[in-house]
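Whole structure, please, built from the sequences with the hints as guidance.
Number of protein chains: 2
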Amino acid sequence: MYKGGYTGKILRINLTDQTSKKEDLSLETAKDFIGGAGFGIKYLYDEVKADIDPFDSDNKLIFAPGPFSGTSVPCASRMSVTGKSPLTGTVGMALSGGHFPVEMKFAGYDALIVEGKAEEPTYVWIKNGDVKFRSAKKAWGLKTTDAQQVIKNELKDQNIRMVCIGPAGENLSKVACIINEMRAAGRKGLGAVMGAKNLKAVAVRGTGKIAIADKEKFKVAKGVFTKAMKDSPGLYKKFAHVGTGLGALSMSSKGIYPAKNFTATGEFTPMEEFGVDVQKERTIGREYCYGCPVGCSQLKMAKTGVYAGTMTEGPEYETTFSLGGQTGVSNYDAVIAADRLCDELGLDTVSAGVAIGFGMELFEKGIISKEDTGGIDLKFGNDEAMMILLRQMAYREGFGDILTDGVKVAAEKIGKGSEDYAIHVKGLELPGYDVRGSKAQGLNYATSYTGADHNRGYAIQEIKAMEVPIGDVDRLSIERKGELTVWNQDVRAATCDSPTMCAFLLDIVMAPTATQNTADLMEGVTGLTYTPEEVQQVGERINNLAKAFNMKAGFTRADDTLPKRLMTEPIKAGVAKGQKVSQEDLDYMLNEYYRIRGWDEKTGTPTREKLTELGLEYVADDLGLK
Amino acid sequence: MYKGGYTGKILRINLTDQTSKKEDLSLETAKDFIGGAGFGIKYLYDEVKADIDPFDSDNKLIFAPGPFSGTSVPCASRMSVTGKSPLTGTVGMALSGGHFPVEMKFAGYDALIVEGKAEEPTYVWIKNGDVKFRSAKKAWGLKTTDAQQVIKNELKDQNIRMVCIGPAGENLSKVACIINEMRAAGRKGLGAVMGAKNLKAVAVRGTGKIAIADKEKFKVAKGVFTKAMKDSPGLYKKFAHVGTGLGALSMSSKGIYPAKNFTATGEFTPMEEFGVDVQKERTIGREYCYGCPVGCSQLKMAKTGVYAGTMTEGPEYETTFSLGGQTGVSNYDAVIAADRLCDELGLDTVSAGVAIGFGMELFEKGIISKEDTGGIDLKFGNDEAMMILLRQMAYREGFGDILTDGVKVAAEKIGKGSEDYAIHVKGLELPGYDVRGSKAQGLNYATSYTGADHNRGYAIQEIKAMEVPIGDVDRLSIERKGELTVWNQDVRAATCDSPTMCAFLLDIVMAPTATQNTADLMEGVTGLTYTPEEVQQVGERINNLAKAFNMKAGFTRADDTLPKRLMTEPIKAGVAKGQKVSQEDLDYMLNEYYRIRGWDEKTGTPTREKLTELGLEYVADDLGLK
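If you're matching them up, the sequences are chains A and B in order.
Read in order, the letters of the first sequence correspond to residues 31 to 656 in the working numbering.
Read in order, the letters of the second sequence correspond to residues 31 to 656 in the working numbering.
One or more hints might be untrue.
One copy or any two copies: either way a pair holds, since identical chains are not told apart in the list.
In silico lysine-lysine, BS3-like type, Cα no more than 30 Å apart, as pairs [as the list claims (entries may be wrong)]: (1) K39 to K52; (2) K284 to K310; (3) K39 to K186; (4) K157 to K239; (5) K640 to K33; (6) K395 to K607; (7) K162 to K182; (8) K267 to K284; (9) K167 to K182; (10) K33 to K245; (11) K33 to K239.
Please keep in mind that the hints were generated in silico from the structure rather than gathered at the bench.
The structure is reproduced here in structure tokens:
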């Protein structure tokens, strides 16, 4: 049902011929995909050939906040960035918070679709309905903070919000991210897609307001939402004051904090170095996304040695893992400085850190030597080596040039059996969960439409013991993990990635009622009505459509797998000691997953019946399904 | 005469008891001292005991834009910062451009007088008439770019302008500067005075307008001024496109580009490294002070090696000298990166570079060894050593802790004859002119009220061959240098440092008519009328009053001197080969200088008669003059 009041707009930006066009968003797309990642995947599937080279000018980048962004619903200043990923070759979708997402909405747009390729370094300057293409020669080469400041100065407006890339994106590092202020749409190398398009930045200023279709309904739905936040024992009282930074401790206590390229899980547990006191001492304040009353982003400053005085927003847990545990660097100040350096260079901290840890293991195993590293003593724990390599990765110099395409490609180039140590799924480096001790998270990595992405189906039941309609689970068991993972993936897509809402609210507060909340808020904001089941079905639709894109890109059931190490070597120490995910375990979980998805169990792919049920019959035709 | 219409206001800020008070500016002070440096020195003399420890809470910092700041006269967004200098013990006065000066005016103030000392790290937040004292614990320790951003975010206003200090000022480095955006009130260690007061920043937002007393007069005077700028063959066509950056070439061609602690003047002329092509390649754009149509500030980005991607505003000529020639570092990208590092740490580039060059000479001479430097190979030309030492200077670590008090104190600490290599006047390190080949500039260094400050009486006739009412001069001769220097010092104080106007306009365009222009503009803006001679007399008054402060601080004729090297060792190569300033030369010039000043030639100090003539009889009383 549709009560009226929705006026979605898309801004299509063509860099090749430097034109732009404002289009109406179809009500059908709005209803079926909600916004954010939903829109991104819908437009990507419909408009980009799946077998394209991600650096081809025909690849697109879709920046999409959700219908909740810019309204007074808290924690909704999020957006998705979607394109074909140069790192994985799958759908590339990454999310970011901050202020840019709502600024896009205030400028009047539910999505920007960036097409083509500029001849020379360019940035796009959008002021409400006015779109200009400007030379970015001045800013090309600059690190992200300077680039943003230089563009603000050039446009004589300090209130501009923007997304931009650093040297890593310009140099087509496949682990390059997209930065807005000090936040990242981090993973899957989408910064390099901007780089390939010669697009340094998109600067936006918007002064409009967001229409609310049903003010009364909205008010009530928002009230339920904010009350749930207030009533949460964990949100304001705990999470707000520490953010994700203490994850190293809780993951260690679960035995799944991965270290030294997943060789030392349960052994290297930097409790003292990354612990409460150390982090507290470094915390100088908090930063808030637009409209967020929580402010989980901890602003930290390094205190010691050559890193003293270096500030960063974070490091978030994943970074504490990737630039800390994974590299064996226990100097928290080095992790702070490396986090900032990644932001400045425009490198994804997770993939960059995992790649360096991979290099360290090869070095320690003697598979590569100082001859390969250009003299760098690439041992685990060498923070100086890490800093040098991060710079090299952004500039494609020395050994960094090998690592900067991610561990999958690096292993192919290095050879000598190094593939066995490349910790990735579909080319995407693993985040900070040793899934040998969290089976649903493992199944999620294997099946997520963007490779080993913890956020696309985060196993909150296993990792945070979150109460959800699924009931109790044993994280070490392989039972019911298909059911769990489908629920996580669909609910995440429909209630976080698309509306768009901060995932931490799902993880901490809203999971049991997320689909109901989303239905109510959608009706209030857009006038589009949903049952909770319909909301969940939006998530299912998104996951099916993304899967179809990946199928067309050549991915098969064989790609729904995990790194060899996690399937053959058990965890050596800690409370998850002895755990692994054998091929049999994985197959068992995959079979259940495909079954619950209503897919063909043998091929692990959607059926015509399922696609038709989701309103995606045209996709079944594309795929030539019977 | 006074035609009415002037409404000057002073904001007095007391950090000790966290109070502020808005006061009327006396018309007499306005008339006698114009503004800017004039006000700074007037308030400093009247309110601060000259023999005080500069870090005592009774020292004050006076931030003063001039009457022209914030009007539509171009190039007037300047301000002086005045206090007793911790580096020299004399009057400390440094100027800065940018946007902060006019923001102060728009907020309603002709000067801020900062008094006392906060108990804990504090910043002051001034929004028009509203003054707040806020905790700076969050920002304390941060580098200047981050500090400014964090405070803007905290105050939720990206349009705030501010002055702040970096780690160097916090750690009481005597060569610490005050930064606004990427501009510095660089010299004399005034950043450390902020540090001693626990004052991290002063943030300002102003929305008022500047009253113009006589609009018609103002329009005409401004017209003359802007026409002269337009007609200048050098300003828009040349200077705007290169800024001061090519000074290394022109000073080299005059044989006065100092190098390697003034041992290699005329030898080390990094024409290729710092030349036109290299600079052009690095120039990514220009930055403009508020209301400036010239934009001489060249935004540059390093291109090579580990420095690639580092941006800076500059390096200005003085920095190209101090972090280049003086240290023997010919890698221009290293100079760019060191310039930025100084800005971030809040170090004066000139003093910092000269101090490092001093250390390098001691190291090469064997006066100090690796034992003293903590293992650093402190040879001329070692850019890596320079970068390490800059950081150490800001944090008072290792050998940097010695250098960070300036070469005078460092030489006292090191002993072993190192005093002979300490290139300073009254503790202030020499800027980039080897005054053995520019005698009036030498006399200016010896007599300036703030030590070796090129800007307080820049010998434009010698260095830029600027046509002035003084007539032709021979820069190698010691004749008429007293006359020249008095003219330069008084005109600079009255027409640049006080109104406040950009000195480059004096140097390039206005010198012959500067006093007339200033008189006309003063009448237009303030309603206060002057003859050109009265304007010049304001300069004389300022220089006399500052001298009186220094006398009370214990300085005598013996302090009006030059570094031993310049008085004993002739320049070894280049077109100024063989030149030096012997004690006899200096005495000859000093005698003429004092005579022309109407001072006592023997003591080099003002007479009661002169002070009375300048309306400073109370100063004669203070000094106990007969």
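Review point. Which numbered hints are broken by the structure, listed smallest first?
Key: Those not satisfied: there are none.
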